[in-house]
Amino acid sequence: MELLQGTLDALVLRALSWQPMHGYAIARFIRSGSNDAFRIQDGALYTSLHRMEAKGWVESEWGISDRGKRAKFYTVTAAGRRALRAESRAWERYVEAVAGVMRATPEEA
Amino acid sequence: MTRGWRRLLRLPFGRAERDVDDEVRFHIAERVADLEALGESPEAARNRALEEFGDVDAVRAELVEIDRGVESKRRRAAWWEGIAQDARQVTRGLLRTPGFTVMVIVTLALGIGANAVVFSLIDRLFFQPPAGVPHPENVRRIVLRYTQSLTRESTTRGVYNYPEVRSLAEAAPPGVTIAAYTPVNELPLGRSPAGPKVVAARVVGDYFGALGVRPEAGRFFTAEEQMPSGLTPVAVISHHLWERSFGSRHDVLGEDIEVDGHRYTIVGVAPERFAGASLDATDVWLPFNTLGGWSTRKADWYEAPYTLYLRTIARVTDDAVASALITRATNALRGSEVMHDSTAVALLASLDGAIDSEFHAGEFAISQRLVGVAIMIFLIACANVANLLLVRALARRRETAVRIALGVSRRRLAAQFMSEAMLLAILGGAAALLVTWWGGALLRRSILPGVQWGSDGITMRVVAFALLATLAAGLAAGIIPAIQGGNLRLTTALRGGAREGRAVRGRTRTTLLIVQAALSVVLLAGAALFVRSLRAVQTIDLGYDDDRLIFASATPAMEDSTARRRIAEALPSIADRLTHLPDIERATITPIAPMYGISFQKMFIPGIDSLASIGPFGMPVVSYIAPDYFATVGMSVRRGRGFIESDREGTELVAIVNEKMARSYWPKGDAIGGCIMVEERSAPCRRIVGISSDAHINGIIEEPAPAYYLPLAQASEEWKRTGTIVARARAGRVASASATMTRELQSAIGSFATIEVRPMDAALSRQLHQWKLGASLFSVAGLLALLVAAVGIYSTVSYMVGQRTHEIGVRLALGARSGNITRIVIGHGLGIVLAGVAIGVVASLVMGKLVASLLYGVTPHDPVLLGAVAGALLLVAVAACLVPAWRAIRVDPIETLRTE
Chain A
1 MELLQGTLDA LVLRALSWQP MHGYAIARFI RSGSNDAFRI QDGALYTSLH
51 RMEAKGWVES EWGISDRGKR AKFYTVTAAG RRALRAESRA WERYVEAVAG
101 VMRATPEEA
Chain B
1 MTRGWRRLLR LPFGRAERDV DDEVRFHIAE RVADLEALGE SPEAARNRAL
51 EEFGDVDAVR AELVEIDRGV ESKRRRAAWW EGIAQDARQV TRGLLRTPGF
101 TVMVIVTLAL GIGANAVVFS LIDRLFFQPP AGVPHPENVR RIVLRYTQSL
151 TRESTTRGVY NYPEVRSLAE AAPPGVTIAA YTPVNELPLG RSPAGPKVVA
201 ARVVGDYFGA LGVRPEAGRF FTAEEQMPSG LTPVAVISHH LWERSFGSRH
251 DVLGEDIEVD GHRYTIVGVA PERFAGASLD ATDVWLPFNT LGGWSTRKAD
301 WYEAPYTLYL RTIARVTDDA VASALITRAT NALRGSEVMH DSTAVALLAS
351 LDGAIDSEFH AGEFAISQRL VGVAIMIFLI ACANVANLLL VRALARRRET
401 AVRIALGVSR RRLAAQFMSE AMLLAILGGA AALLVTWWGG ALLRRSILPG
451 VQWGSDGITM RVVAFALLAT LAAGLAAGII PAIQGGNLRL TTALRGGARE
501 GRAVRGRTRT TLLIVQAALS VVLLAGAALF VRSLRAVQTI DLGYDDDRLI
551 FASATPAMED STARRRIAEA LPSIADRLTH LPDIERATIT PIAPMYGISF
601 QKMFIPGIDS LASIGPFGMP VVSYIAPDYF ATVGMSVRRG RGFIESDREG
651 TELVAIVNEK MARSYWPKGD AIGGCIMVEE RSAPCRRIVG ISSDAHINGI
701 IEEPAPAYYL PLAQASEEWK RTGTIVARAR AGRVASASAT MTRELQSAIG
751 SFATIEVRPM DAALSRQLHQ WKLGASLFSV AGLLALLVAA VGIYSTVSYM
801 VGQRTHEIGV RLALGARSGN ITRIVIGHGL GIVLAGVAIG VVASLVMGKL
851 VASLLYGVTP HDPVLLGAVA GALLLVAVAA CLVPAWRAIR VDPIETLRTE
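Protein chains in written order, with my numbering: chain A, 1 to 109; chain B, 1 to 900.
Chain A with its partners taken away, still in its complex shape (with noise of 0.2 Å):
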């Protein structure tokens, strides 16, 4: 499966959601949560990341990584949040939608 661009964006801002990660930490996040359902390429991901600092969406920062290596480390910021929610809810519109259309049947005219 392919992914949109808005989509790679808030999967990541969810990845961030719980925790500061470093960028193979939400690669790692997307895969297993996915069922490596997704085909997403790692460099997109940090692409992504860098975009949304660019936007102010996201912060980071060098840290040590569990393993001890420099690693840099993500946090989303309060329009970073905000961008989620915006997403989510039109995601769950989406998902309503499509499934609202698949439990139809079809009435009397």
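No lab work stands behind these hints, which were simulated from the structure alone. All C-beta atoms, glycine included, are put in the ideal place defined by N, C-alpha and C. Any given hint could turn out to be false.
Here are some of the chain A residues that sit facing chain B, going by a computed Cβ distance under 7 Å [said to hold, decoys possible]: (1) 23; (2) 24; (3) 42; (4) 43; (5) 46; (6) 47; (7) 50; (8) 71; (9) 72; (10) 75; (11) 78.
Across the chosen pairs, the derived CB separations fall in these ranges [to be verified]: (12) B:407 <-> A:61: 19 to 29 Å; (13) A:88 <-> B:468: 54 to 64 Å; (14) A:85 <-> B:463: 24 to 34 Å; (15) A:98 <-> B:407: 55 to 65 Å; (16) A:20 <-> B:463: 52 to 62 Å; (17) A:62 <-> B:407: 22 to 32 Å; (18) A:100 <-> B:58: 36 to 46 Å; (19) A:33 <-> B:408: 48 to 58 Å; (20) B:72 <-> A:62: 32 to 42 Å; (21) B:402 <-> A:67: 23 to 33 Å; (22) A:62 <-> B:57: 15 to 25 Å; (23) A:67 <-> B:77: 30 to 40 Å; (24) A:67 <-> B:72: 49 to 59 Å.
Given the structure of chain A, go ahead and fit chain B onto it with the hints provided.
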């Protein structure tokens, strides 16, 4: 570009690349480690990790670019934040001391404004072509340079008489249009001299064509309308006059306009904005032949040399044609009857204002000197503001020291001092635009009232100039406080005393103050010189009782010979009647009143073959007068007799010469009994019967001109047909006598004549204009400088008192009297000012040479004058010290000693 170079250029952004590399490397390494843990071989793991990542180089490049954007945005934000913070802090500081702030803004506004005003003036006068001329670069003025035969000086003239213009036009190569125009004249519109006025100029040739101007309506003059022989009274009016007086009506063509009592048919309207080739805005253009046509003298203007006021322009679009024109014009002028001068060379000059200066020479020269004045005011203002900022910085040293101790960088502090100066300069610059707006209008009106200034003076060029001046002022005023503020010695400043490091700063402040004082002396000396000149000019003895004379002239309201004759016949009886009226002592008749014009006639003296060119006009001046003329104007007969009633037609022809002429031609003192012939060598001899006192003929400043007087009763008919009444009012009754004369003339000949009554003072005031102008402008500048200098002295001495409060307290405690303290304080101020005065006096002596040519009756190195100026400045310095001194003697010794 090599990679190395690229890296160097991107130096500030190098971190973005490194960070991206580290981040990507970390990701790959982690993925490889995970895959290896799942059992893949290192090589396979690495390949898979890279494959999952995608195009590493492309991603890397994209990330670097995004990060750079982020970085530079942050930098900008930080920079603006810094500025905003500085501005807030500076604004708070300035608001805390409103007195200081206002003083600085006003000082800068005056300094910057004075420069912008003078710039706008100079720009218009010297660097802008006349308004409304489409391609001014295609129009040139023809200027003549020659060597004066007597003085051997190289001289330039830009004016020609009609014969010269005609020979220039005949000599012009094909493709060149030659035209000429007279200086403008303010003439009454309509019949009443008290009514509205128009500014008129007469033109020769295709004047409008030469300037490349097309009519808005109608046409310009035809060649026939300009023939010397004919007189077709036609006129072209300006767009402005068309709007003002004719409501922009399109049927105005063919209507009559009455100028100076004569009717002209309007044939054309000039385009909008165009107001003539001279600086003065013209309303009406008339063919030059209307000058000669109306003249009562023989219509000889087309061959007479006396029309030496025509400015000549040429339309030249080609460089080769231009050089041909120069050659041919040079030959034409060398061969012309008037010139006869092989040193003459014709030159082509630009149409821009400068050459017009001959007519307003004094005003132009003053404008140029104003540049120097403006720069001096600017320097004084900057020095003063720098000084005030320094004093302010010193007063805040402890605060500054604390901030340094708290870790604020010195660079940041310096930047803050600079931004304070800049903010003040910008506020000052904004206020300066106001100064420019109305100060400029005032200056332009007072210097050259009739000039077409085009816009209201604040052009984009002026604004740009003001902006530059503002930046310069900010830099000049801020640089010293910025450097010194940043170099504060922390320990000493914090320890509390303001004693160490004071020497250096004190020296800077003292120097600034000395500069201010010196420049003020120079400006004050300039003011004094111009005021003294005005005094000297006003007290020149013209040889007349000029404060009591009134001139009245009448011209026919409609051109017909009977009107002129009737006026001529009526004037003597009117003059006679006037003498019996209250307020008028005497009244007489002469063809041309002094200061209103001069007349020459060819003159011969037996025994002298050719009369050497003498006097300011090259030859003696002739006046036809009645017997009571000398008594009326206040001249006297020094030897021999004056004219008497029996000197009339039929009796012996007589003449009177003035002392200057008697000395010049009869050095042995035998003028009386001598003989002069006028018009022709074979004319009958006129015997000299008397020698009169000398008098100024044409100007206030004039070397005595040789002149001779002939009885009006023995003049030819032409002379008798013209006339001016010269009346002598009782002392102090000039105004009421003028009114009486106007009434009398109006009732006698007002039905067919236009009457003009003017006191002699009115004629003189025009000539006095440049002297009054110089005196008033330089006085304003001098007072301004003095005021600013006083503020500077006050602030410095005040600071000194503040710093030495402790010492003063001790002195008072030890029994010093208030007089001693006052002496210390005033001595401190005076010491600085004295040095400035000394330098200023020397500078005045040097710079006096620059204005020497504009002065009269006073020299720039007049010791009394310079002494008075120095004294005035010292007096102001003492006055400026008085307040601080008063504060010093009120120091409470107990209070001061307790605090430390």
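A quick look at each hint next to the structure:
Taking 7 Å as the C-beta contact cut-off toward chain B, the hint placing residue 23 (chain A) at the interface holds, the least distance being around 6 Å. With its C-beta approaching chain B no nearer than about 4 Å, residue 24 (chain A) sits inside the 7 Å limit, and its interface hint holds. Of the supplied interface hints, the one on residue 42 (chain A) holds, with its beta-carbon coming within about 4 Å of a beta-carbon of chain B, less than 7 Å. With 7 Å as the threshold, the beta carbon of residue 43 (chain A) comes within range of chain B, its nearest partner Cβ sitting at about 4 Å, so the hint holds.
Look at residue 46 (chain A): its Cβ gets to within about 6 Å of chain B, closer than 7 Å, so that hint holds up. Because the smallest distance between the Cβ of residue 47 (chain A) and any Cβ of chain B comes to about 6 Å, under 7 Å, the interface hint for this residue holds. The beta carbon of residue 50 (chain A) comes within 4 Å of a beta carbon in chain B, closer than 7 Å, and the hint placing it at the interface holds. At about 5 Å, the closest approach between the beta carbon of residue 71 (chain A) and any beta carbon in chain B falls short of 7 Å, and the interface hint on this residue holds.
Proximity of residue 72 (chain A) to chain B holds as hinted, the smallest CB-CB distance being about 5 Å (cut-off 7 Å). Interface hint status for residue 75 (chain A): violated, as the beta-carbon distance to the closest one in chain B is roughly 15 Å, over 7 Å. Against a cut-off of 7 Å between C-beta atoms, the interface hint on residue 78 (chain A) is violated, since the closest Cβ of chain B lies about 18 Å away. The supplied range of 19 to 29 Å is met by residue 407 (chain B) and residue 61 (chain A), whose beta-carbon atoms lie about 24 Å from each other.
In this structure the supplied range 54 to 64 Å holds for residue 88 (chain A) paired with residue 468 (chain B), their Cβ-Cβ distance being about 58 Å. In this structure the hint that residue 85 (chain A) and residue 463 (chain B) lie 24 to 34 Å apart at CB is violated, the actual value being about 52 Å. The given range of 55 to 65 Å is respected by residue 98 (chain A) and residue 407 (chain B), whose C-beta atoms sit roughly 59 Å from each other. For residue 20 (chain A) and residue 463 (chain B), the Cβ-Cβ distance of about 54 Å falls inside the hinted range of 52 to 62 Å, so the restraint holds.
The hint said 22 to 32 Å for the Cβ distance between residue 62 (chain A) and residue 407 (chain B), and at roughly 25 Å that hint holds. Take residue 100 (chain A) and residue 58 (chain B): their Cβ atoms lie about 41 Å apart, and the range 36 to 46 Å holds. Checking the proposed 48 to 58 Å range against residue 33 (chain A) and residue 408 (chain B) shows it holds: the Cβ atoms sit about 50 Å from each other. Distance hint check: the CB atoms of residue 72 (chain B) and residue 62 (chain A) are about 20 Å apart, inconsistent with the given range 32 to 42 Å.
Under the hint 23 to 33 Å, the C-beta atoms of residue 402 (chain B) and residue 67 (chain A), about 48 Å apart, miss the expected range. Between residue 62 (chain A) and residue 57 (chain B) the C-beta distance comes to about 23 Å, which sits within the given range of 15 to 25 Å. Range check, residue 67 (chain A) to residue 77 (chain B): Cβ separation about 35 Å, and the 30 to 40 Å hint holds. A hinted range of 49 to 59 Å is violated for the C-beta pair residue 67 (chain A) and residue 72 (chain B), which are about 34 Å apart.
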